[in-house]
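*Asks:* In order, the protein sequence lines correspond to chains A and B.
Numbering-wise (the numbering used here), the first sequence opens with residue 2 and increments by one.
Numbering-wise (the numbering used here), the second sequence opens with residue 643 and increments by one.
It is worth saying that the hints were derived from the structure and are not from the lab.
Remember, predicted model here, so these are calculated numbers, not experimental data.
Even for Gly, the Cβ is constructed at its ideal location relative to N, Cα and C.
Do not rely on the hints blindly, as some may be mistaken.
Have a look at the derived ranges for each label pair, beta carbon to beta carbon [unchecked claim]:
no., chain 1, residue 1, chain 2, residue 2, range
1, A, S7, B, P1115, 48 to 54 Å
2, A, V169, B, L758, 41 to 47 Å
3, A, S7, B, D992, 28 to 34 Å
4, B, L858, A, V169, 43 to 49 Å
5, B, R818, A, F322, 51 to 57 Å
6, A, A177, B, A1102, 26 to 32 Å
7, A, V169, B, A773, 55 to 61 Å
8, A, V169, B, A1129, 35 to 41 Å
9, A, A177, B, G1048, 40 to 46 Å
10, B, Y1061, A, F322, 22 to 28 Å
11, B, P770, A, V172, 53 to 59 Å
If we take Cβ atoms under 10 Å as the criterion, some of the chain A residues that face chain B in the derived model are [to be verified]:
no., residue
12, D170
13, Q179
14, S180
15, S235
16, L236
17, Y238
18, R239
19, F250
20, R265
21, W267
22, W269
23, T271
24, W275
25, A289
26, V318
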Amino acid sequence: MENLASLSLVAVYSAMGVYTLAFIAFTLDLAKRSAEAPVSAAARAASRVNQTTAVASGSGGTAVLDREDALLPEAKDGSRGGATVYQRVAFALAIIGWVLHLAATLTRGLAADRVPWANMFEFGLTATVVGMGTFLGVQLWKDVRYLGAYITGFTVLSLGIVTVNFYVDVVPTPPALQSAWLVIHVLVAVLATGFFAMGAGLSVMQLLRHQREVRKTAGLKFLDTLPGASTLESLAYRINVVGFVFWTFTLVAGAIWAERAWGRYWGWDTKEVWTFIIWVLFAGYIHARATRGWRGNRSAWLAIIGFSSVIFNYTIVNLYFEGLHSYSGL
Amino acid sequence: MEPLRPSDYDDGSAPTRTAERPDRAGDGGDGPTLPRLGLVGWGRFLWRQLTSMRTALVLLLLLAVAAIPGSLVPQRSSNPNGVVQFRRDDPELFEILDALQLFDTFTSVWFSAIYLLLFISLIGCIIPRTAHHWKALRSRPPKTPARLNRLVGYREADAPGSVDDALAAGEAVLRRQRYRVERYGNSLSAERGYLRETGNLVFHVALIGVLGTVGLAGGFGYNGQKVIVEGQTFVNQLTTYDTFSASRFFDDARLDPFSMRLDEFDAVFNAAVDESSGTLIAQPLDYTASVTITEANGESVERDIKVNAPIDIAGVRAYLLGNGFAPVITIRNAEGQVVFDESVAFLPQDTNLTSLGIIKVPDGLPEQVGMIGFFYPSAIQLDSGALASIWPQPDNPVLTLNMFVGDLGLDDGVPRNAYALDVDDLEQVTGGDTGADSIILGLGQSAELPNGFGTVEFTALPRFVSIDFHHDPTQAGVLISSVLAIAGLIVSFAVPRRRVWITAEPSDGGTRLQYAGLARGEDPNLDDAVDRLATEHLDRLGGRLENAQPAPAASQ
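Isolated chain B (complex conformation) (with noise of 0.2 Å):
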């Protein structure tokens, strides 16, 4: 048994296991019954209950128990409209699995009380073992056995020529084979696959790596995200963001200044026929964003953003996650003044961008307005005549509004979301059972407002992109760490660490040689190596294997 390990560690090499030892810890011979722990005694037995194979075993399957939820209730990290779904819906159960950190899962206090002291576990377990390694990477293999024959592989055999000459012939073939050799007396002692705790360890610690980087570099990191319109220019500010997420350490000094226009956004599409339904499908091929990049020093240069291939600009990365329309409308008075000249993103729903967009208009009219839009890009009109996009390019494109009038709630300072219309103190004028008809309006056409309002234009049709930026400093640490890890691994099972020696007696006429080995970890090729260590060697000396007896103890 490897020592420094965990007591209960059992690699299967050992066939004989001795019973548990134990507890050495105490202060030393008080009574027979029940030995005492001091303070530093329960110290040392809580360390050892921790750094067992045992604990760390049930750590790591609590935390494959403790993920689940992440799976199962949408997260504030990654599905935080889910989470807001799941409150509207179901009230009382969220109260109670909000208070169980459940939305939080992977920060939570239990989640984290797991990996932590997980990682509490394995640090206490990987020091004594590396300074254990570092001793025995310098040390010799050491002394052999007084009998072999209770090993694995043992073998004997006969070979003429003296214990000398054998004994060097056994020496040559051991450190062709890349062990370590020693001598002792009439024997050699060997070892090999030191690589396999090393490996073993770089994995550890590569591990350790990749929390401790998300840790401490993961402090600094942020990201935000902007619609821009083709032919709007995005400058890096904190407050032209449409959202926004900083971690700890963040202040921003840190956001280099750059800005970034959208010249051109690009849509490919193939065209297939469902055949069971006969309908046109849309498969999107290629989405590219052209973009000119400023950065401080005034320099500016063109760039291309794909899906999957995202741009460096000083310090950031800039993503490509989604596209759609933005139509520009315009909204003038009574009067004839414009009073709302912008464009609008719509967001898709769905593949043939069919899309929904609101539009807020605050100030300029008798009353505030609010609009519900439906834009279809290639509509047509189907029987039961409402209106549906039949292909994601602008063919055709329409926009349908829905006019609400009253209070848009923008004037008691609470911020509303830009995406959404709270209609609870509107009065509905256009569309739905109001009687009057939807205003309908293809590119470039105008309509007049019910009540005498003014008139509405949907002057232009840009498209927009929606472009995430992200520094996330933990990267090239926790991608080292990784890459670190998988090699450990890989060294880690393929490299053996056994034992072998060779014991070489005088006899009539020539020497009466032994050979044995013994695994150190999992092994299952030892009686194999022991073989092809004894062939080698009695080839060079002529000798002759007697037949080969099982092993006591095999480890199989």
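The following block holds chain A by itself, in its conformation from the complex (with noise of 0.2 Å):
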């Protein structure tokens, strides 16, 4: 028992590590796009085209192009093209870290000899490796490995955060979360964690990319090897709405549980108030997708607000708000 927590400590610590190393390697990838990045627009428009001619050309497209600019992954629908050195590095050592990652959160589960998201230290230990997960997981539906950089940044910080700040040692599951919704309910916040994380980066990335495509702004360059804006926000749009519907289960799946734990199923408890909050936000995303003059960057904006509402949920309202859900011990 005590062994297996350490050991799972020190997986925790080890995967630090290694996403550390990949977050550099990503960076590096970034900064290499950036330099080498056709100058002018129209370079830019005229090698876009012959890609994609190239692409179309091939079978599936997947083909290989043997020009200078092939290092630079196919623009048009985030087809897997060629990729830097350092972003195959990067995503490698993404992988292995991901795996050391799996490994803490495991054998964190066998310590306590129940599933490992009880606490606030488990919930943001499992949260990361599902978040990275997806990350890793579409990469096989779509090249998304821009978003690496964003993707392990915000995993080491959140893992560095939890570990120094929030750990706790295993203790045993109290008479309020003996249930079987702890491991539904939690699971799937869970997910639509990990997805809102995922979709916030590709907004981010949109409005970026949006900022260089419109006003041409100076620096960054590396944004212009990303897809088109509008093909960020439609990846992000079909993320988000996974997150949505996970949100949605969260929250019903919660008030069934209160209904078992406290007696009511709805009481305006600060974490239902916001768990309320953040799901009428990201009904307002998708409805904002839907209505002319909000698509685009004003709904890029809401999913980036939702998923703000997210952390600050997970972090303020656990720590500061008095409620029902109390983590004051941690």
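Now that you have both chains on their own, put them together as the hints suggest.
*Replies:* Here it is, written out as structure tokens:
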């Protein structure tokens, strides 16, 4: 028991180390892209047309282009083009880090002999493993490695904070948490958080990309190598929608559990209030995507505000707001 | 664009947007400058504004913002003690916030106004959509557009064989891909994914279901709390509850007769050692209240109530929410007559169940007597001389009492909190600064009261539980609505709604085919879907696809 818990902690620190290296490599990749990105918009457009035709003539869009700027991933639809050496290294490191991270989460669960999400430290540990897993998994479907720096950076930061500030020893589950709903309610909340994290990253990229497309801002030239703002928006939407379904389920499962544990399914407890606020914000985001004048930047901001509220709910509301979801002892 | 959607609905499937049409409401063609709106016209205009996407969106965001104060300021509904505390700490600010209904955020005028407007807007939006969808479900796919090459996924191909063969094969492929198909001349028009709109409508109707259930059935609910000591019996009557709150349509007759006796309460703790301080930590593992329920027919059953495992009795659900010790205290006057003999529920103050209790003896002694008592289940004496409990089980139970004499304030008819002692009109006679030591009693011990009032004895140590009784007739409706909402949500996101067309024209030695699609709602995979359709169709015909050209207005 004790040994497993300390083993888990060693794995967490190792994962953080590997993630940090992955973060550095991802950042170097972005820097390299900035350096190599075509200077003029015309050149960019030209290279994109070349790439598009070349890719279209290949089967399934996986053609490897034997040209200098083929180092840059194909920009139209995020299909798998070439990747810089840095990116390959970074992605491999991210996978290694994730395996360690997953091992840390599993051993923590084994040490506690229950699901590894019964307190804030464990929630943070599991939510980041899911967020990272989502990032790696989406890769099988769409090339989103340009998000690597954001995801690994965010994961290292979160892991550092939860390990240093929220760590608690393994303790038995108190009667209030002895319920099958602990498994369901919190797991789905963890999944939703992972998806929203990824969606927010895409929305940030979308805003930056839009900024660069429209205002031709200087700097951050790597943005030119990303898919277009509307592609990023569409991708963010699809990921946030999955997060929204999970969040709806979290809310309903939480209500069912609250009825069992506290005698009412909804009582506007502070945590319930914020779960509701987040749900409404993402409902707003989805409606914004279907409202003229609100597609694009404004809806992206809503997704970012929504994810910020998730983080706020997990940190500030848990720690400083009085309520039934009490974590004062962490 | 979907007809009968709000005018500012935009699902991204229409690449070229028509400018907002001028409002057609009005009394018809007077004056070229400003069309005058009659009463009906204004009504229509306002209705259209209210049911527009933009209004719904703004109301949603307002709702999120309006909920925030509910988490910042204590609410009467969820934290009444917090509200009392707030008033005590800052009476002036309290007045202002209370005038703004901030302590009742979720029943306030402004919060209610937002969600009611939102739901009116929602109803105004889904009624016409439901009617339209009902028609769409029973109608055939629309005519094939004249120019397919302006649509998504446009492809051309050549195939051997006749136009009729090609269209017959196309129809078979489309039906296998679960399209509804209609032939118009030399073309096939197909549509699928009606479930998307169905799911979307179900989701929104289910939300109305949640609100409607709470609004209607919520009026019949009630809940009450009762502290029950081991060995005591609670009878389900309005007057026996410690606290009781009921909704509008409640009446006493709704309380079904039953009684609940607390036979035993059992608490299990795990002992752990805090490595940094070396102290013992009690980790609760299990609480079980064993009760005997007797219903109206006289039958008795034994049940266990646990945290997270309430029991149902005659239309109410009983929850175990709290527990503690209820020492039995017996007070005799100087003549040896018993003037007080009750188990007093002591409220736990920490994890080792150091507990605080109040004793009030209004009659039988020379003066009215009040006591503030501390109870330590496993008492030890600290170096400072003070007592502390080191374990939540009664291994060394000790009771200390500080006695007050004077006016308890019970005679003026104002209800008093049984768990608080108003010491304004009382004089302290033991403990604190009085110079006299607090009365300290082990279980079974007795002591003299000061002033020759008599004696006090710590007679027995039963435990108590705090049980919540709830009758909530909204639960079933809200649960069903929530499940429908989730199902509708998943379906509406997972099912793409799309139209596809195949046209066939005779060409030299075969048939010239064209394929294209149109998204109705978010549909990023439409291009792939058209590709799949064409490939499968041509496989059957033995035809060949020409190089695909990117659609001019792809909705990426």
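*Asks:* Let's test the interface hint: is any C-beta of chain B closer than 10 Å to that of Y238 of chain A?
*Replies:* holds, 7 Å
*Asks:* Holds or violated: the 28 to 34 Å window for the beta-carbon distance between S7 of chain A and D992 of chain B?
*Replies:* holds, 30 Å
*Asks:* Just tell me: holds or violated, for the beta carbon distance of L858 of chain B and V169 of chain A against 43 to 49 Å?
*Replies:* Holds, at about 45 Å.
*Asks:* Grab the minimum C-beta distance from F250 of chain A to chain B and call the hint holds if it beats 10 Å, violated otherwise.
*Replies:* Holds. Min distance 6 Å.
*Asks:* Quick one, is the R239 of chain A hint okay against chain B at 10 Å, beta carbons?
*Replies:* At 7 Å from the nearest chain B Cβ, R239 of chain A passes the 10 Å test, so the hint holds.
*Asks:* Given the hint of 22 to 28 Å, is the C-beta distance from Y1061 of chain B to F322 of chain A inside that range or not?
*Replies:* Holds, at about 25 Å.
*Asks:* Hey, does the L236 of chain A contact hint survive, CB to chain B under 10 Å?
*Replies:* At 8 Å from the nearest chain B Cβ, L236 of chain A passes the 10 Å test, so the hint holds.
*Asks:* Tell me if the interface restraint on W269 of chain A is satisfied: Cβ within less than 10 Å of some Cβ in chain B.
*Replies:* holds, 5 Å
*Asks:* R265 of chain A was flagged as interface toward chain B. Is the shortest Cβ-Cβ separation under 10 Å?
*Replies:* holds, 7 Å
*Asks:* Within 53 to 59 Å or not, the Cβ separation of P770 of chain B and V172 of chain A?
*Replies:* holds, 56 Å
*Asks:* Using the nearest Cβ pair, does S235 of chain A come within less than 10 Å of chain B?
*Replies:* Holds - the Cβ of S235 of chain A comes within 10 Å of chain B, reaching about 5 Å at its closest.
*Asks:* Within 35 to 41 Å or not, the Cβ separation of V169 of chain A and A1129 of chain B?
*Replies:* Holds, since V169 of chain A and A1129 of chain B (Cβ atoms, about 38 Å apart) stay within the stated range.
Violated hints: none; the structure is consistent with every hint.
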